[in-house]
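J.: Sequence:
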Amino acid sequence: MPIQERQKWFYIAGCDTFVNVEHVLKRLDPFDATQPLLIGGHSGREKCLNTIAEKIHPVTFPSGGAGFLLSAKLLELMQPHLSNYVENVWPKGSESSDVALTCLAWTLGVKVTEVTGFWAFSPITTLHQDGRKIPYERWDNAVVDLVWVHPHFQSGK
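Read in the working numbering, the sequence shown has 27 at position 27, and its numbers run on one by one without any break.
In short, the hints are calculated from the structure, not lab data.
Just so you know, not all the hints are guaranteed correct.
Label pairs and their computed distance ranges (CB to CB) [unchecked claim]:
#: 1; residue 1: GLN7; residue 2: LEU108; range: 17 to 23 Å
#: 2; residue 1: LYS26; residue 2: ASN88; range: 26 to 32 Å
#: 3; residue 1: THR34; residue 2: HIS81; range: 15 to 21 Å
#: 4; residue 1: VAL86; residue 2: THR60; range: 17 to 23 Å
#: 5; residue 1: GLU87; residue 2: GLN129; range: 32 to 38 Å
#: 6; residue 1: TYR11; residue 2: SER83; range: 29 to 35 Å
#: 7; residue 1: HIS81; residue 2: THR113; range: 32 to 38 Å
#: 8; residue 1: VAL86; residue 2: ARG6; range: 19 to 25 Å
Here the structure is a predicted model, which is why all the values come from computation and not from measurement.
Every residue gets a Cβ at the ideal spot worked out from N, C-alpha and C, and that includes glycine.
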């Protein structure tokens, strides 16, 4: 059975990441998993390293801690290249799998699609780190965090 008939999206996140599945699915509504898409947020800039060609190019990558999604189509395109890329192209010992997968997607012509909410920390911390301020009263659905839950709400009270 083709992968697109089994799954639409593949979510990769840190092992300590809480995922609010309903919010993730809501954010995916406007996207078509039959297109090659890499979706994430709170992105950084890093260099794609290539041990074969010894070329370096910058890329915007989605934070692996908060997680990111690969569409079934992108994974289908990546699959024939993945083992070779990890074993022969990406430098040995690099722990940056989020950057590595983004760089492989980049070589296939796919750039990250940034979506608000894929943050590695609470919204307040993330906005503070980025030097932005949004008053709490103005938060709307666009500033909902998909992966962080305030400790007050973790107890179920």
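J.: Indicate, hint by hint, whether the structure satisfies it.
T.: These are the hints, each one checked on the structure:
{"no.": "1", "hint": "GLN7 x LEU108: 17 to 23 Å", "verdict": "holds, 19 Å"}
{"no.": "2", "hint": "LYS26 x ASN88: 26 to 32 Å", "verdict": "violated, 39 Å"}
{"no.": "3", "hint": "THR34 x HIS81: 15 to 21 Å", "verdict": "holds, 19 Å"}
{"no.": "4", "hint": "VAL86 x THR60: 17 to 23 Å", "verdict": "holds, 21 Å"}
{"no.": "5", "hint": "GLU87 x GLN129: 32 to 38 Å", "verdict": "holds, 35 Å"}
{"no.": "6", "hint": "TYR11 x SER83: 29 to 35 Å", "verdict": "violated, 21 Å"}
{"no.": "7", "hint": "HIS81 x THR113: 32 to 38 Å", "verdict": "violated, 20 Å"}
{"no.": "8", "hint": "VAL86 x ARG6: 19 to 25 Å", "verdict": "holds, 23 Å"}
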